[in-house]
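Single-letter residue listing:
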Amino acid sequence: MSTPAPAVDMSVDIGGVRLPSPMMTASGCAANGREIHRFIDITALGAFVTKSVKLDPVSGRGTPRMAETPSGMLNSIGLQGPGVRAFVEKDLAWLHSIGARVIVSIAGNTASEFARVARTIVRSRYASAVAALEVNISCPNVANRGLVFACDPAGAHKVLTLVREEVPRGLPMVAKLSPDVTDIVEIADVVLRAGAHGLTMINTTLGVAIDTDRLRPHLVAATGGLSGPAIRPTAVRAIWQVAGAMREGRIRAAPIVGVGGVRHGTDALELVAAGATAIQVGTAAFNDPSAPHRVGVELEQLVADRGFERLADVVGIAHERFTA
Amino acid sequence: MTRTIAAREGAGVVQLEAEVIGNVAAGSYRHLTLVTPGLAELARPGQFVALSVGDGTSSMLLRRSFSIHKVSPAGTYGGTTEIVVAAHGAGTRLLTALEPGESVGVIGPLGRGFPLPAQPVPCVLVGGGYGSAPLFWLAEQLRERGCAVEMVLGAASADRLFGVVEARRVGDGVTVTTDDGSVGVRGWVSDVVPDLIESTGAAVVYGCGPMGMLRSLSAIADEHGIVAQVAVEEAMACGIGVCMTCVMPVRDESGTTSMVRSCLDGPVFRGDRVRWEAFEDGYCRVPEDAVGAPTVVR
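Sequences listed follow chains A and B, in order.
Just so we're aligned: the first sequence equals residues 1 to 324 in the numbering used here.
Just so we're aligned: the second sequence equals residues 1001 to 1298 in the numbering used here.
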């Protein structure tokens, strides 16, 4: 049985950078490429999104740093990584060598540390592989809870402002937002005003699991970030709210990269219809390493089945068809 | 029913929907045989497979990892892989209930297996519970290299032992221990291993089982000035090196401690490289001298 290839234009524009596919890995869910490249060709993705890189090496937290939850998981990895210099020489060099389009996720303890990480990336000899920077102002697993910049408009603004000074013209800067805020539209507005060219929504949402044998928190850090299909409605809600604000002209329009609980093509289509231009696959890759590729194939078929010739024509369509 | 999902050339790993062709009781455990073309040819003793629980709609997202008991590259069904599963929680209960004809998502072979000695030296192989699963295949390979193989199987009780009959086939000597004395020597494997090392002049101890057992095997090996090669158990979400959940503090050759992924750098480690003192009461803390460890504020 052969299915005719759907003729859908799946290309997307992220802040002026054209990607042939909307599909991306999600930061922290595909390491820095080598491991998942054993299962899928990551150069065929729209972009490969790296694990967040900080200035210095980070050991991450002790274990247990993971707990399975209904249709999801909690993690408190703590941004383990080799530091930006080792990242550039080893990981970015490799991604460059295979021809991947890379979105480098950057993080820092201070706004100026974000900027130093960005500077090291964009000035590196492998910068031509970098399609965009994703500014992770929303990781809940840093040592100091007060460092979740995405929950603090002033902090978020400062990070984006300082990173922007390091980013050359033509290199988009995408801010990754947390759903754990009172009004995500306000944070979206702040980072867009600070110069972000796009938004990634959403990061994990904070949770706790209790070990019912030991009657204590399961994670050594107590709290962790919840991910997986369990958070998909939260992601769709965040995208819906922010895309809605953009459509109404309340905040500046910018591409939204949707992430949160995408496991199948229909999940991706939900996020697209709510307003996402591109799609990241995160926790689902732990179950199925081929998911970042597979979901794209499924999404293309679903878009074709619904009579569209361009994915872009489906972006945010649920707002047009909502008649309450 | 078996279907290959991903098998990139030279990747050394395959992703399959594998047909189950056998599921038989083995004491308290289930012994599963899976049709896994392409996997058996790549696998080495000590490596593992990661199984998905249910289909693409399952609420249990994380794979469960099991050491490979044995592989058969060319049987009636093509390549097969055998594993031993204990029903601990909801996920493993579903896996132990798989019936022949059903399929299960399999990725493997994963991790680094047991290093084999270059010389034909005596070896002691120690398995705790169903942790013994990969040792029989290892024993065969060691004996093919001329190594004398002494096997020790330990468990809480007789029904929690795995492979006693098979051990008698592949080992030069077999010692069984149970905590309750229901069979063999009453006590722990660590009670009998020192004497076996001395009587056989063993140069290597291989271990697979609970972390506490591996820790004591590593200490015993140190006391005897020999090497322990232990296959560790850490909670893994993916098994393939992308999630960073299964890390442990391990020293490298130069003595530098890093939080390394047990799925990629292990599951087999030299016992003297593992920072066992970091493990306590179900937690593993990051040693203060580990690379990138949090700065301690005093």
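Since the hints were derived computationally from the structure, they do not count as laboratory data.
All C-beta atoms, glycine included, are put in the ideal place defined by N, C-alpha and C.
A couple of the hints might just be wrong.
Calculated cross-link-like contacts (lysine to aspartate or glutamate; reagent style EDC-like; alpha-carbon spacing at most 20 Å) [what the hints assert, rightly or not]:
no.	chain 1	residue 1	chain 2	residue 2
1	A	K158	A	D189
2	B	K1070	B	E1041
3	A	K90	B	D1252
4	A	K158	A	E113
5	A	K90	B	E1041
6	B	K1070	B	E1233
Computed spacing ranges between beta-carbons, pair by pair [said to hold, decoys possible]:
no.	chain 1	residue 1	chain 2	residue 2	range
7	B	E1253	A	R252	50 to 56 Å
8	A	T110	B	W1188	27 to 33 Å
9	B	G1101	A	P168	46 to 52 Å
10	A	Q301	B	E1099	21 to 27 Å
Now for the hints, and whether the structure bears them out:
| no. | hint | verdict |
| --- | --- | --- |
| 1 | A/K158 to A/D189 | holds (13 Å) |
| 2 | B/K1070 to B/E1041 | holds (11 Å) |
| 3 | A/K90 to B/D1252 | holds (18 Å) |
| 4 | A/K158 to A/E113 | holds (11 Å) |
| 5 | A/K90 to B/E1041 | violated (30 Å) |
| 6 | B/K1070 to B/E1233 | holds (18 Å) |
| 7 | B/E1253 to A/R252: 50 to 56 Å | holds (53 Å) |
| 8 | A/T110 to B/W1188: 27 to 33 Å | violated (51 Å) |
| 9 | B/G1101 to A/P168: 46 to 52 Å | violated (58 Å) |
| 10 | A/Q301 to B/E1099: 21 to 27 Å | violated (32 Å) |
Going through the hint list in order, the structure does not satisfy hints 5, 8, 9 and 10.
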